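K.L.:
In case you want the letters, here they are:
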Amino acid sequence: EGPPSCPKGCDKCSEYNGCIKCNPKLFIFLERNDIRQIGVCLPSCPVGYFGMRNPEGHNRCTQCKIENCEACFSRNFCTKCKEGLYSHSGRCYVRCPPGKHTANNTMDCE
Amino acid sequence: LAASLGAVLAKDTAFVEVVLFESSSTGDYTTYTTGLQGRFSKAGATISAEGEIVQMHPLGLCNNNDEEDLYEYGWVGVVKLEQPELDPSCLTVLGKVKNNNPKHMNVFFVCLQLNQVAEDPLKRPVVYVKGNDAVKLMNIVNKQKVARARIQHRPPRPTEYFDM
Amino acid sequence: ICLWCFVRPSASGQGQSTAVCSPSCSCDEDGGADCSGRGLTSVPTGLSTFTYYLDLSMNNITELPAYVFKNFPYLEELRLAGNDLTFIHPDALSGLHQLKVLMLQNNQLKSVPSTALKNLHSLQSLRLDANHITTVPDESFEGLQQLRHLWLDDNHLTEVPVTSLRHQSNLQALTLALNRILYIPDNAFRNLTSLVVLHLHNNQIKEIGANCFAGLVNLETLDLNFNNLKEFPKAIQALPKLKELGFHSNDIAAIPEGAFHNNPMLRTIHLYDNPLSFVGASAFQNLSDLHSLMLRGASLMKDFPILTLTNNLESLTLSGTKISSIPTNLCEDLRLLQTLDLSYNEVTELPSFQGCGRLQEISFQHNHIQEVDRDTFQGLSVLRLLDLSRNKIRVIHKDAFLTLTGLTNLDLSMNALSMIPTTGLSSLSQLKLSGNPQMKNVLPAKNLPKLRSISVPYAYQCCAFIGCESAMRSSEETDRKKSTGAEAGEQVSMIMHCSPSPGAFKPCEHLLGNWM
Chain A
1 EGPPSCPKGC DKCSEYNGCI KCNPKLFIFL ERNDIRQIGV CLPSCPVGYF
51 GMRNPEGHNR CTQCKIENCE ACFSRNFCTK CKEGLYSHSG RCYVRCPPGK
101 HTANNTMDCE
Chain B
1 LAASLGAVLA KDTAFVEVVL FESSSTGDYT TYTTGLQGRF SKAGATISAE
51 GEIVQMHPLG LCNNNDEEDL YEYGWVGVVK LEQPELDPSC LTVLGKVKNN
101 NPKHMNVFFV CLQLNQVAED PLKRPVVYVK GNDAVKLMNI VNKQKVARAR
151 IQHRPPRPTE YFDM
Chain C
1 ICLWCFVRPS ASGQGQSTAV CSPSCSCDED GGADCSGRGL TSVPTGLSTF
51 TYYLDLSMNN ITELPAYVFK NFPYLEELRL AGNDLTFIHP DALSGLHQLK
101 VLMLQNNQLK SVPSTALKNL HSLQSLRLDA NHITTVPDES FEGLQQLRHL
151 WLDDNHLTEV PVTSLRHQSN LQALTLALNR ILYIPDNAFR NLTSLVVLHL
201 HNNQIKEIGA NCFAGLVNLE TLDLNFNNLK EFPKAIQALP KLKELGFHSN
251 DIAAIPEGAF HNNPMLRTIH LYDNPLSFVG ASAFQNLSDL HSLMLRGASL
301 MKDFPILTLT NNLESLTLSG TKISSIPTNL CEDLRLLQTL DLSYNEVTEL
351 PSFQGCGRLQ EISFQHNHIQ EVDRDTFQGL SVLRLLDLSR NKIRVIHKDA
401 FLTLTGLTNL DLSMNALSMI PTTGLSSLSQ LKLSGNPQMK NVLPAKNLPK
451 LRSISVPYAY QCCAFIGCES AMRSSEETDR KKSTGAEAGE QVSMIMHCSP
501 SPGAFKPCEH LLGNWM
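Chains as they are written, first to last, in my numbering: chain A, 1 to 110; chain B, 1 to 164; chain C, 1 to 516.
This is chain A alone, in the form it adopts within the complex:
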């Protein structure tokens, strides 16, 4: 564990910035509260973000860039669309794209 004064899962922190470096394998998420932005360490990233790992261990929560997406595998591939939307090839739709239809009452278009 990091110094006692640091938040959970944090290896190095500072008073105004929160966590600067997380423990291995965790993701740092830059959490915004109005004016303030502090670093927190998470085992998996919050809604709308995905975890990017890199060899130096600077694993980081990065924003999904897909409309109407709650959870994503990478910037452009959604794994969970918002309620009521259909999913196809990692994107979210109001209705299945032409030529596609939902499969065995899931929200996936095939």
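If you are wondering where the hints come from, they were derived from the structure by calculation, not from laboratory data. Be careful, since some hints might not be right.
[Unchecked claim] List of simulated lysine to any residue pairs, SDA-like, C-alpha gap at most 25 Å:
no., chain 1, residue 1, chain 2, residue 2
1, A, K65, C, K440
2, C, K243, A, Q63
3, C, K206, C, L300
4, A, K8, C, D28
5, C, K110, C, Y74
6, C, K230, A, N54
7, C, K118, C, T163
8, A, K100, C, D289
9, C, K110, A, H58
10, A, K8, B, K80
11, A, K8, C, P44
12, A, K65, C, N170
13, C, K440, C, S453
14, A, K8, C, D273
15, C, K100, A, H88
16, C, K243, A, A71
From a predicted model like this one, the values you see are computed outputs, not experimental measurements.
Keeping the supplied structure of chain A fixed, place chains B and C upon it in accordance with the hints.
P.N.:
For chains B and C alone, kept in the frame of chain A given last:
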């Protein structure tokens, strides 16, 4: 040398006003202004600017920063620089500023711009605030929900009002 | 004044509730139970049977015994990340018929718990990243017909788990990044006909089979960055739907002719940080979705790439080559071009860019250009930045800059100019002319009303911009406050930088022919 040194300090001095607003139920509001001083860094432009204060985590200055598209009107980014061993390795704007001021221990800097396109020098001011003024600034950031800042390269005139 | 504002998404908090719960957890009325980070060493009891979401992350649960989740028939998401898990009993996950998401990342598993996973028939997302997995038993994912997303990155795999993936026709996203994979055999992903995203970055891949991507008919994103590939991955010819391809930071020396002729839908290609010396002229043809192309340091490349039908290019960087000529009809194909960087080549003549009406930045720094014609930059009203430094330019036609009403930065330093036309440069804020020893005349400041920074061959030429009286006071860069028209209702003071600034030893008066 002293004269020219004085001239140099005066020339790149930044006059920072931080304004808090307190509105009453009747709709009128009171402002509380805190005056601070800093130094314009060569990494940015020496011009006036103002906007709502937003703190940025040092990692927020990296190229793959996500928050860039969340912002739609003028703002003043405040970044608490860390000791060398805590510094995140990916530096863009921060890297430029550090190269212009190697002794950055305990330095806070107010940067107005976080455009990730590499510009050289940045078209907006980058200001160093140190010591007590920096602590005052970060305490405001820590406690307030909303605050505005104005940066000028000449002492503020008492009659000036904020562009509300 | 900069123009950004911040709109914060409203936080939807989960208040306390009266649902059945364990003292070690906080539960909401929808069936969600958060027991994360409580120092638990086993799965807590007392939770509702109707729990659909159970977060046990960041505890100290090192083993999962048999039937430990038998009371959760409705569980859809189970999070066990960060528990130092080393053992999962084959019957530990029995009864979880509705489970869709299973998170086992950031644990100490050495192998995929294949038997335990066998009956998770509804499972769609399986996270096994950041463990110590060295082996993936052949039957690992057999029962998982609904599996769509599989994370195996940040483990100790030395080869692609080909056999265990052979039945995964519904799999859409797979990451094997950050492992120790050396080679990709032919038909490695043969049955993954639904795969859309494949990440293989940060491995040690030196070689790939010519047919290693066979069967990936729906693949859109392939990430091979940060490997040791020596040859261009020709196997991509099996990927007709490829949109995003990355192989930057490898050891690839050449991009062959027709490299991407089977990938017409490509939008982005990341290929920087390769020791490229040759690029086939026809490599980037017919890529109508390509928006950006960046090629640096292909030192043996002589021919400008053929870009017919690659007509949606917005940014083209081609530097560090032996290219000496540019097709005169360049702008017939590249009408949407916004940024053109052809610096550090051997170009001798500039074509007319008249058809490229959206160009904002042009750089021909460090080429062999000798003159600029009247039509070269005609009609480029949104051009902001023009860098022609480090060439051999002797003559610039007097109307060359006539229509560049948006130009703010012009760099003509290190050329052979004796004069420059200033008509049309009304928006110019930065002008670089140093390193043109023949240029001795005084520049007309009145034609450059918005100039803020200028570098000139001789100090006396600064007098036209900053006046001589301040010259004697300081020897370093000198500033003079120059007020300009108010901007957005506030008087903005602009600083005028001129270098080399005249000083005690560099008087404004032009005394000698030239002086240092």
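K.L.:
Which numbered hints are broken by the structure, listed smallest first?
P.N.:
1, 5 and 14
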